[in-house]
Structure formats: C-alpha cells, structure tokens
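Put chain L on the given structure of chain E with help from the hints.
2 protein chains.
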Amino acid sequence: MSSTATPVNLASYASEVATAAQAASRALATATGEQKNGWLGRSAELLRKKSAEILAANAIDVAAAPGFGLSAAAIDRLKLTPARLASAASALEQIAALPDPVGEVIEGSVRPNGLAVTRVRVPLGVVFFIYESRPNVTVDAAGICVKSGNAVILRGGKEALHSNQALHGVLREALEAVDLPGACVQLVETTDRAAVGHFLKLHDRISVTIPRGGKSLIERVVAEATMPVIKHYDGICHVYVDRSADVEMAREIVVNSKCQRPGVCNAAECLLVHREIAAEFLPLVTRDLRSRGVELRCCERSLPLVAGGRAASELDFHTEFLDLILAIRIVDDVGQAINHIETHSSHHTDAIVTSDLTSAGRFTSGVDSAAVIVNASTRFNDGGEFGLGAEIGISTDKFHARGPCGLRELTSYKYIVQGSGQVRS
Amino acid sequence: MSSTATPVNLASYASEVATAAQAASRALATATGEQKNGWLGRSAELLRKKSAEILAANAIDVAAAPGFGLSAAAIDRLKLTPARLASAASALEQIAALPDPVGEVIEGSVRPNGLAVTRVRVPLGVVFFIYESRPNVTVDAAGICVKSGNAVILRGGKEALHSNQALHGVLREALEAVDLPGACVQLVETTDRAAVGHFLKLHDRISVTIPRGGKSLIERVVAEATMPVIKHYDGICHVYVDRSADVEMAREIVVNSKCQRPGVCNAAECLLVHREIAAEFLPLVTRDLRSRGVELRCCERSLPLVAGGRAASELDFHTEFLDLILAIRIVDDVGQAINHIETHSSHHTDAIVTSDLTSAGRFTSGVDSAAVIVNASTRFNDGGEFGLGAEIGISTDKFHARGPCGLRELTSYKYIVQGSGQVRS
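Residue numbers (this note's numbering), protein chains in the order written: chain E, 2 to 426; chain L, 2 to 426.
Derived from the structure by calculation, the hints contain no laboratory data.
Where hints are given, some of them may not hold.
Each pair may be met inside one copy or between any two copies, as identical chains are not told apart.
To be verified - Pairs of lysine-lysine, DSBU-like flavour, derived with a Cα cap of 35 Å: (1) K216 x K202; (2) K232 x K216; (3) K159 x K216; (4) K202 x K159; (5) K50 x K216.
Since this is a predicted model, take the numbers as computed values, not measurements.
Bound-form chain E, shown alone (with noise of 0.2 Å):
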C-alpha cells in the first residue's frame, strides 16, 4: 500500500491487516529461535546497509515537522542520525541474545496418576502498538514482538510516517530471508486517526493493544479497545526519607530521583521526610535540589525549613510534574508515610532512605506498587536496570504485567499434558 492513499475502507484495511497478522502469528508461534534470531541478526545487518536511504525518508519527515506544529524537543525525538541508527540495529542485536520465552518450561510435575503436567510459555499472539513519533522506537518494539514469538501491527505517529516506512522496509525485507511471513510485523500505512478505532474493535485477531504515549491516548485506547491493554499511566513516585536515614545517602537518592531525568515516569515528584530528621535534611537536600534549578513546594510544616520553598496546594501532591518540580511533605513515622503514598501515589515506583531494618520491612509489605525501592533512586524501576534486557513499555497495571514489561509479559503459557491412558473416574 502506498504511503500517500488512505484506504477506502478503513474497517475493511483494519480487518484485513489483522487476519494477515494472526496468520502469522501462528507461523511465527512455531518458529525456531534460530529464525527469530536470524531475522534480529539480518535487520540489524540491513539498518547499517541502507542508513544512507534510512536517514533521507528521516529528513522527509523532520522537514515536515514544525508544519506538524512539533516543538524542537519533539523534532529532536523524530530525528535520526548515524549514531541513532546504529543504536537501533545493536539494540535488535541485544535482542537476539536474549533467551528465547517461548517454549521455557515455567513449571511441571508428576501428579499422582502419572500424568506429566507441565506449564509452558507461549506467545499472546497479536500485538498492537501505538506510539508516538521517536522512529527508532519502531525497531524496538518489532524486535521484541517478534522475539516473543508474537505478529505485531505498528501504528507510528503520522510526523514518522517516511521514517516508519523506511524502517518497516527493512524489517520486512530481513522477515522474507529467514522464510518467516512478511506479516509478523506490519505498519499501519493511513494516518487517519480513526483507523486506530477500527483496529480496537478487532479483539478476535489481536491480542493486546499496547499504547505509549501521553494520558489522552492511553485513556482514548482503554475507552475504544475490546481487547485486554497494557497501561502505561503517570508515575506519581515518591522518596520517603526515614528517621534512621544516612543522611548523605538521602541526599543523593532524592536529588537523583528528582533530577537525572526530570520528565520520566519513574522520577520522584514528592519527598517525604520524617519529622524527627526534618530539621537536619531539608536545608541540606533542598540547597541542593535548588542549586539544580528545583521548584519546591512544601507542606506546612516543612515550609519554615525550606529556604526558597513555596507553599504547596493538595493538587501538588496528586501531580505528575514531569519537570524540576518537587512537593515536599513531613509525615509523623513511616505508616503516615505509607499512608500518604497509598493514597496519592500512582503505584509505579516508590523509594525508602532507611537504616532501620522494621522500616524497610513495613515499606516493602505495605507499599503496593510495581517498583518499592529500598535505599536506591526511583530511577531504577526500568526493563534495563531490572535485568530484562529490553522493555516495551512500564505497566501500570497490576493484571497480566506489571512494571517493565519485557519479553516474558508479551507471553501467555499452555498446560501440557502427557498421559499413558489415563481417564477420569
């Protein structure tokens, strides 16, 4: 399909690009690790092969994007360049080095009778993933679909479009050499916005529908879709800085929760700080965030401790700033804090700075989030960090995945019975 005519039927496209997909999956449920491995290997091969006509469609689409009305972080986000390129094709390398999910025996035994019972991982099937405009964000996703043994269906932000097709060129090409459908992984070629609706209805054929991107359109997707989604909500997380805390171990905890990369999911937006240690940390901790440009917005209480502080509103602490803005509380003990963090976090990443061992113990049991952190920055709640090797999104959810979600949260399992005879009486 051409990359300039919108389809007629936008039902009609969406349904036919679903059925190509779980024909595929099917094929793809079955493929050796070899094969996934070799087409990783062979599109990371292509993306240096043809970087050169990679990055002229890139320069089609960064041309076109202030008329998209995009800001220059976002271009900066669109734009590819040698280097980017290159990250990719080693991060579908990386891919393949991983151990293959599908076929892991998760479990099994004997059970009385005989039978053999055992619980084996197997692909979902369908992935659909809607995403914004960073094109390298396209190999990712396709490399880890298709190393989980699922089709995927990619449905790329229109500023992309010559990027993705770019991208998907190779992709597709590296599938027809190692003899696997062309359809394990497709690019939704309209950008007319109401093809992602098409595509929701069709939960007979897709399996999941992972959105990444801004509140709106996961909130649009969990609205329209039919089929289970992996949410990837805001993280309100928060520091909790305990009575028994190193201090100089707090400092930097909080000042790289907050700081390191402000507009993340996983950086603190609220520092908790028990009162008996207030009066010491706050100066110390607050000098240094506002040496790093932090906006701080305090409590009541803490306000008088906090040179250059502001006072906090309620909807502070509800808030997903995203930026060098942090709101600050002090709390009694640490079941206020938990308290607090039960009631305003949005249960991705919380931190305790603790050396009380009865602290940390009523943290981690008491704290239900995906990530409860233990004397280390929030910043850690990553598929990297945590060993998975490569992640396609942070699940908000607590059903099917949650936190990152790597190879193993694309995968459903079978039970896998082997008998001699048996039947049932």
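Below, chain L without anything else, positioned relative to chain E:
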C-alpha cells in the same frame, strides 16, 4: 442490610461496598498466613456447628425455587445437604493446607551494581465474583479469594439468597474471630439485576471481575466491565485419534472424554480420526458411544463407517453440545487435525491419542489451547487434577490467567529492590 430491602440507590450502594472492600483488601494484603488459615478453619468449624441454621435457610430457597422456574436439575444444584455442607467445610480446610501464594519470591537476582531485585507475589486486591445458584460456591470462592489475600464481593443468584446470607453470616463471624475486617467477604444483598452494572463501573476499586455462569452472563459482563474480566467461555474440545494410536487406549479416552460428565466444559464435543485408522477404529468406538446413548454426527467420509450415525452440519463442528452428542470427522493427517482444531476449537482443551513421538510433538506445539493433552482424557483439565488445589474457574483467556485459576491466578507481583545508596548515572 436486611435481606428484603432493596437499596434505594444502587450506585451508591455499589460504591460503598467497593470502598469497604478496598479498605479491607489493604488489611488482608499484609495479613499473615496464620490469620487467613485461622479464618478458614474457624469458618469450617462454624459451618458444621451452624448446619441446622444454614439448612433451614436453604430450605426456604428450595421451596421457592419452582416459583423461579428452576428445573429439577437446577433445584438439585441449589439444595444443600448435610453431606454437601460438610464437603464445603472440608474444602476450606484443604485451602488452608495450601501454601500461601502471597509473599512468594517468584525470582530474584543481584544486578551488577549491587541492587538486589526480587519479584514478589502480591494479591490483586478486590475480586467481584458473579455466580449462579450453587450455594457451596459462596464458601469456595470466599476461601480462595481470602487465602490469596483478596477481598471478595460475592454476587450469587437470587434463587440462593437465603442460603448465601446464612453462609455469608458464618464467614463474616469467622472474620471477626480472627480480627480481619468484615468487608474482606461481602455479599451483594440486593437481587436487583441492575446492581451488577454499577459494580462493573468501579475499576478504581475492583481489580477483577469473575463471572461464572452461562455465555450470556459472561458476554454481558465483558460488555459492561471497566476492569479486567477472567472469562470462562465454552469448551469446544477435541480428541484426535492418530494413525498410530493404541486402539484400546483411544476407545477409553474418547468414551471418557465424551461421557464421563457430558455437561461440563472439558467434555469432548468432536472426534477427529486419521483416515488410515478410521475403518478399524470408528466402528468400535461408536459402538461404545452408542451403548452410552451418544448421538453421532458424522462428516461425509465417516458416515459410512458409523452405524446409527447421521450427517453432521458445518454448525455441528462449531457447537458446544454439553450433552451426549459427538461430531465426528476423518482427517488426512495430524496437520489437518491441527488445522481443524485451530479453526473450530474454543482453545479450552484438546487431546491427541498417538504412539508416535513426532505426531505428539507437532500436536502439542501446533495446538494453541489452554490444555493440550497427549494420551489422556480431556476431562483432566481441572485445577484439582493439575495440582492447583482449588480453583475459581477455568480461564479461556490468554491474558493474565489461562486454564484452571487457583490461588496464584488471583495474584499480581511487585518488584522489591534493596540497595545501599545506588543512584543512576
């Protein structure tokens, strides 16, 4: 709330129940195994002690049942006897004996930077369980939910309201005895069907809905639910008898799969037979089946081999009969059998009878069903038979839980990270 009063405002009633359940679930998430097992034991004790009371309440329901238009079979399912009550009490004791899934360390490792990352099992939170008239399900479901650390909202059939109230009274009394919140187990006291719709909107407080009943109930719940649903759709299960099958074994497996309990989801609905064994096998097995009253609906090729058979329609190969009816089709080879199953099966349970290793391997890898069985009856796809110890249903989903759902399937996990001051660079 009294048994007869319909709450004036169903929306606020549902909201109050869900809020109480969520608060209780927080307490339950950190309850010890001793507390939960104490509740199970105390409940079992009270079920025995108060059996006269419970049976009297049940007698009211049974007397009123014909007025609800219940069939004799349905009234039998509704009826509690001393033996059935004793078995409900034992079931709770068996659940107490199972290992506590909460807190299980699923995996863990130390990252190169010294962070110890563990993945630990936690409860989902609040389960909304909708079921039909068997009152012992009230006890069973509550036991499984609480043991797995989840608060449960029970919505039983209106025909069983008095029985469920009596049983729920016992379960609640036992909660008090072990100092767990009464809202760990709540019963929806109104029989107004509209109440369900209000609960299905509360995805902020209810983690998962499990409907157990007919297809129309599940479809209604799926259409209205705003939270995940563990679905238990139909079982269109197959037995494929390969060329190399042991004929005697195959006869027993087919007869058991079809006849041992034809009204349940893991009973076989379709027999596929390799063409090279059909002339020998079909006359034998269909004689066995006919002697058990099974109606045989045959494809064109098998019809001449089946005395008393009649021609199958295409629809017969897509039907869950839940009755003594079997569709029969001859296939050319295991590949055709797999294709038939992948097209017609509901992906619940499918079996092969074979003595050929290659056929067995192709079947187990090519058939994507919750349970794929070699040389045993389809009837084994069951939580008890698989060693799960207790089950709240059999999921036909691939997302989150597949096949029998026991304690583990009602859990999520969180990452607990132990550091010593690490920050991200």
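Here is how each hint holds up against the structure:
In this assembly of identical chains, K216 and K202 lie within 35 Å of each other by CA distance both inside one copy and across copies; the values are 20 Å within and 20 Å between. Within a single copy, K232 and K216 get their C-alpha atoms as close as 10 Å, and across copies as close as 28 Å, so both meet the 35 Å cut-off. Proximity of K159 to K216 under the C-alpha cut-off of 35 Å is restricted to the intra-copy arrangement: shortest distance 18 Å within a copy versus 41 Å between copies. Taking CA atoms no more than 35 Å apart as the test, K202 paired with K159 passes in both settings, with 21 Å inside one copy and 34 Å between copies.
In this homomeric assembly, K50 and K216 never come within 35 Å of each other (Cα to Cα): the closest approach is 37 Å inside a single copy and 54 Å across copies.
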